[in-house]
Amino acid sequence: MLQETTKSLMKPAVALEGISKSFPGVRALSDVSLALYPGSVTALIGENGAGKSTLVKILTGIYQPDGGTLRVEGEETTFASAQAAAQAGVTAIHQETVLFDELSVAENIFLGHAPRNRFGLIDWKQMNGDARALLARVGADLDPAIRLRDLGIASKHLVAIARALSIDARVVIMDEPTAALSHKEIHELYALIDRLKADGKAILFISHKFDEIFRIADRYTVFRDGRMVGEGLMAEVDQDRLVKMMVGRDVGQVFPKTEVAIGEPVLTVSGYRHPTEFEDINFELRRGEILGFYGLIGAGRSEFMQSLIGITKPSAGAVKLDGEVLVIRSPAEAIEAGIVYVPEERGRQGAIIGLPIFQNVTLPSLTRTSRSGFLRMAEEFALAREYTARLDLRAASLDQDVGTLSGGNQQKVVIAKWLATKPKVIILDEPTKGIDIGSKAAVHAFMSELASQGLSVIMVSSEIPEIMGMADRVIVMREGRIAGRFERDDLTAEKLVRAAAGIVEA
Amino acid sequence: MMKILMKNRELLLVVAIAALLVLITLRFPAFIEPANLARVYNDTSILIILALGQMAVIMTRCIDLSMAANLALCGMVVAMINSVAPGVPVPALVLLALLLGAFLGSINGLLIWKLEIPPIVVTLGTLTIYRGTIFLLSGGAWINAHQMSDAFKALPRATLAGLPVLSWLSVLMIALIYIVMTRTPLGRAFHAVGGNPHAAVYTGIDVGRTRFAAYCLSGALAGLSGYLWVSRYAVAYVDIANGFELDIIAACVIGGISIAGGIGSVPGAVLGALFLGVIKNALPVINISPFAQMAISGTVIIIAVAVNARAEKRKGRVILKKAEAH
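Protein chains in written order, with my numbering: chain A, 12 to 517; chain B, 143 to 468.
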């Protein structure tokens with residue numbers, strides 16, 4: 012086959028063979044292989060959590076694999092550190108480029124390997140000259156002396172690529188490089204990638220956008236659940252087959268979804284828009300319903316939810332709760348009305364370390380547990396006991412610092428905190444992100460229980476199995492707009508991926 | 143576990159103060175006579191009141207460098223009013239000092255809340271502005287004892303059930319702030335805002351407004367201390383309590399209030415202030431030079447921070463299931 016011929020003709024610049032990597036409780040990569048060839052663009056495709064970023068971190072020396080071999084130009088080696096990977100010529104350009112805003116363009120390009128004069132001091136003249144030459148090679152007409160902070164995101168990418176050239180990179184990893192770029196900038200990036208290819212660089216291109224994968228990549232590798240499930244030449248594959256490889260599942264995960272009679276509309280959102288983050292958000296949420304919000308990261312789902320509870324202000328839009336028009340200007344008003352938002356990233360936005368468990372639970376309910384401005388500890392304990400018991404929280408005492416609990420139990424405290432406000436609508440943002448399988452099942456079972464008690468749930472999730480398993484209805488968001496609505500009956504993983512990635516129905 | 147640790151930390155301070163007293167007594171036995179201890183407490187009262195205000199601010203992940211300047215300005219204003227209008231009743235002046243202090247504190251709070259300027263910059267700025275204002279008001283002149291009315295000077299000294307009013311006032315403030323910190327939604331908000339400001343927002347707490355409230359509180363306590371200071375020492379001038387802001391912060395740090403916010407307690411702040419108070423009162427009587435005193439105070443602060451940092455690290459994140467149960 013053609014695939015075999017290319018392999019035999021060319022030696023990969025970097026090759027991973029049988030790489031595995033585990034974290035406590037999670038197997039992130041198992042027996043994964045990937046070869047990057049000089050002068051060729053390989054697209055790495057997979058859902059969130061498929062193991063793409065773990066692989067990038069192994070390639071750039073940030074993580075050490077548990078098993079498997081790594082070859083550079085055929086030589087077996089290890090990347091003991093990020094420096095070792097950089098020295099071997101592997102460099103990554105991230106979505107949010109890791110550069111220094113306060114330094115000049117030239118300093119960013121040459122940081123760590125700046126040309127020196129005979130006194131051992133930085134040779135500014137040569138550095139700026141070299142920088143200009145490198146920038147010309149990437150097609151950027153930039154003054155090397157200006158500070159990076161004054162550049163737009165596209166120019167920053169170019170600086171990052173110039174830096175990659177300056178250390179004579181043989182492998183360039185681009186992790187969703189077009190996420191923040193305009194149409195014109197994307198085409199400039201394509202042209203640059205073509206030039207890098209001509210220069211003989213091996214490029215790993217990570218993207219969720221199928222149109223650009225087909226435009227730019229020569230080869231593909233598909234990851235699913237930490238395994239490599241397919242690879243080959245782009246010329247020999249179509250969108251349908253890639254989508255099937257991405258979402259097809261060997262083991263059907265069982266979700267504890269209970270059938271709930273869905274009642275009348277509870278929450279109606281109409282015409283919600285924000286000047287920069289989302290627009291035209293209209294939907295209805297019914298009693299006992301779990302409404303899934305699916306989309307790629309950065310599709311505007313969390314931004315919309317935060318504006319719904321009054322953290323950011325929408326530029327237009329109306330909300331009705333139980334038929335009555337509601338104006339929410341702050342999270343306190345949202346809680347008062349009965350809409351609560353459980354944010355993702357529980358470490359940063361959830362538990363308050365330093366406060367005991369019971370005080371964490373009662374924090375949004377203090378108006379109910381206090382009398383004439385004074386807190387009632389006994390009522391606080393009673394409330395905390397009731398809700399932590401419902402979630403089967405294991406803790407020696409409700410008086411202990413929440414920081415002494417494990418992640419799973421901290422999460423139970425956070426959920427108990429929101430339930431204790433007796434909400435009508437609960438918004439769960441990535442409710443099972445980063446927790447182990449057992450805790451996930453507990454959260455899902457609990458979600459079903461909430462719905463059967465007549466609560467309405469909005470579940471923001473980037474995990475297809477979770478959306479498919481739990482949601483009664485799904486709204487897909489893409490680039491700040493609603494890109495699709497699906498009933499549970501006609502829901503397929505392919506439809507979700509297509510809507511989220513903006514692929515027109517074939 | 144946290145609570146025991148916190149208690150331990152406070153217990154540790156009690157033990158440290160007791161050990162200090164024993165050491166001092168070996169050189170100067172009269173130091174631990176009840177009358178002398180009462181004198182030491184009285185001498186530390188103003189520091190205690192100020193440390194309570196600073197504690198509230200630090201709890202919210204902020205800092206108030208302007209407390210001593212606020213104190214000096216409020217002290218000067220009430221002293222000037224007293225010198226030109228001795229007829230104004232002293233309680234009215236105390237109330238005025240309190241309100242003026244709260245107003246000055248609210249300026250800090252507003253700048254931090256509405257303009258989102260870093261607290262250290264805001265309060266460094268207002269520190270110099272308040273000091274400068276004293277000069278503008280007084281023209282650099284002193285208000286001396288003979289210009290103050292007897293009633294003005296007598297209040298903090300008057301004894302009530304064996305203790306001076308100054309001491310009683312600090313006891314009252316300790317009780318009041320303790321209730322605010324442990325029994326009101328505001329006190330809970332101070333903890334939450336400092337412990338995790340991002341999470342606090344979602345629970346309906348207005349982080350900016352909470353910090354504003356903390357600054358009003360620290361300002362009010364600084365204003366009250368302003369009256370107490372000028373009446374006790376019977377003098378007001380531009381530079382009173384100059385550099386005292388550092389003692390206030392030191393008392394909080396020694397008392398286990400985390401500069402990173404969220405962790406701290408009223409007993410901690412009080413014990414921290416008392417520890418400094420004992421050192422300041424004891425070192426002169428056992429003939430240690432003022433310069434050595436400064437070095438000793440500095441050493442104590444660093445030891446206290448090191449001890450607290452270790453305690454913080456130890457509690458860390460619990461990953462092992464079995465470690466969770468206790």
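Treat the hints as calculated values from the structure; they're not laboratory data.
Idealized CB from N, CA, C, for every residue including glycine.
Hints may contain errors.
Said to hold, decoys possible - Have a look at the derived ranges for each label pair, beta carbon to beta carbon:
id, chain 1, residue 1, chain 2, residue 2, range
1, A, Ser383, B, Arg351, 17 to 23 Å
2, B, Ile401, A, Ala389, 32 to 38 Å
3, B, Leu266, A, Phe111, 34 to 40 Å
4, A, Arg492, B, Gly385, 55 to 61 Å
5, A, Ser383, B, Ala296, 32 to 38 Å
Tested hints:
no. : hint                             : verdict
1   : A:Ser383 to B:Arg351: 17 to 23 Å : holds (21 Å)
2   : B:Ile401 to A:Ala389: 32 to 38 Å : holds (33 Å)
3   : B:Leu266 to A:Phe111: 34 to 40 Å : violated (27 Å)
4   : A:Arg492 to B:Gly385: 55 to 61 Å : holds (59 Å)
5   : A:Ser383 to B:Ala296: 32 to 38 Å : holds (37 Å)
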